[in-house]
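Let chain A serve as the given structure and place chain B on it in line with the hints.
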Amino acid sequence: MNEPDVPRGIREDAIAKGRNYALYSLLKSPLAVASVLMLLLVVVLAVFAPQIAPYDPYRIIMSERLQPPSLKHIMGTDNVGRDVFSRIAYGARTSLAIVAVVVGTATVFGTLMGAVSGYLGRQTDMVVMRIVDVFLAIPPVLLAIVTVAALGMTLYNVMLGLGLSWWTWHARIVRGEVLRLKETRMVLALRAMGASPGRILFRHIIPNCAGPILVQTTTQAGLVVLAAAGLSFLGLGPPPPSPDWGYMIANGRNYLPAQWWMSTFPGIAILVMSMGFMLLGDYLRDYLAREVK
Amino acid sequence: MAQGHPVVEELAQYLPASLELVLLSIICIILVGVCLGIASALYKNRWPDVFARGFAVLGNSMPEFWFALMLSLLFFFTWRVLPASGRIAPLIGAPRRITGMYILDSLLAGNWDALRSSMLHMILPVVSLAITRLAAITRMTRTAFLDVLSQDYMSTHRAYGFRPRALILRYGLKNALPPILSVMGLMTGGLFASTFLIETVFSFPGIGLYAMTAIVYRDYQPVIACAVLFSLIYGVINVLVDISYAWLDPRVRYG
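Residue numbers (this note's numbering), protein chains in the order written: chain A, 1 to 293; chain B, 1 to 255.
Next comes chain A alone, as it looks inside the complex (with noise of 0.2 Å):
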């Protein structure tokens, strides 16, 4: 990106001040500290969630069906006199622990297959990128459908649909970057020295690619929130009576344009934990594009 280079001086002001470098910087950006609120936000909604939620969101109360925003439901109620809020803060779990799952996962797998495949190169190199390429081909929302509908809808095959195409970013960009890696002469040192292939690789390659990585997967988690609520959305999430920001938004399309709220703030929910992480992943490539320089 060609931004604009940061007013001279903040790393010596950090210094000056005693701070640290990194959170000085990241205060100073506000929109990497909206950032950080939205997903903060998010964070305490899903670890407090009894606390906060003024509801059991698996009550149903059929007499206070369909009730518009007031005191007593900020969010309104659904179709069976659930608290919106309170099924919203408890959907703050689900998409969480979705997101974790399958960004966790494809970070470790496409690190691990990009780095052995970058550093053994020739058939190693040919295989899983041939293998990368093949899921390349298929859009990965598309992918998570089709598996999804072929294996049935819980939610370990949201998280395995969802992380079959993931992978396969964290391979390629990893993958990049060893192949520069393995040329330097940090690297020849190691040799010189002995290191044994898996030392140099776990110990001192991939500690290298931490900055690429960390951004793929901030931003990454943006998508995959996304693309979670969407198969939700679709009927493909976890099975209904658990509170899903996705399910929620479909449920409350039926109760347009009277009962607007069933589906308005659950959408709002995903956009700021979305933007969230998109907001930050830029940030954080901006960070370290700074840093390189």
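If you are wondering where the hints come from, they were derived from the structure by calculation, not from laboratory data.
A virtual CB, placed ideally from N, CA and C, is assigned to each residue, including glycine.
Taking CB as the label site, the calculated pair distances span: (1) Ser155(B) with Gly198(A): 49 to 55 Å; (2) Arg122(A) with Ser155(B): 45 to 51 Å; (3) Val216(B) with Arg122(A): 44 to 50 Å; (4) Val134(A) with Ser182(B): 16 to 22 Å; (5) Met186(A) with Tyr160(B): 45 to 51 Å; (6) Phe135(A) with Asp147(B): 29 to 35 Å; (7) Gly211(A) with Leu91(B): 58 to 64 Å; (8) Leu179(A) with Val81(B): 52 to 58 Å; (9) Lys72(A) with Val8(B): 53 to 59 Å; (10) Asp219(B) with Val127(A): 32 to 38 Å; (11) Phe77(B) with Leu40(A): 32 to 38 Å; (12) Lys72(A) with Phe77(B): 21 to 27 Å.
Among chain B residues calculated to face chain A with C-beta under 8 Å, some are: (13) Val57; (14) Asn60; (15) Ser61; (16) Met62; (17) Leu69; (18) Leu73; (19) Gly189; (20) Gly190; (21) Met212; (22) Val223; (23) Ile224; (24) Ala227.
Chain B in isolation, oriented as in the chain A frame:
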């Protein structure tokens, strides 16, 4: 299969609708995205740039099916200005089938009522598909354009006295186009996958809705056929994008 027809026939019946939707979205994304990107690059760090980038971030992190619902809530349910389901008004009926794309068919048949109606039906789905993807194109155009603008040949041409418009379009855009096209090519995959969501929201009878109906009936042949078809189209488009590089930049040669 559930309806007792071969899947291929069904795909052939529903494909034109999805293709029409995706093609219109691509046109829309390129036109608006490239304009925003150019504005962003020319007015770097001034208000058009800030606006374009803010818009991009918002669009990028919006769940598109939710945005589609909100659009239909406003423009259909509340203001009653745009239709939010189907491809054409039931009273008008489909134009005589030539390509299966209603807008093209009604143009060819000279059926202006059908043309108007089918275009109105396209607006909301196309906007919902385009809005989340504008971000990537805007950003790519901005980066590519900033890069091109700093090249020596741009200053040379400016010194020759070319008018700014000619300079930007003929020399700037053409040189900035390859990376934009490549992002566009990669984007088509996501566009096709998103037709599942958008066609469901707008009850738009294309392949996505067809496949979703099949999933509900536990009928997997159409879903698999659909995935294969979309992946195939995706592959072909990306090959075309690669070929277009050579056309845009004569230095590129494939051996």
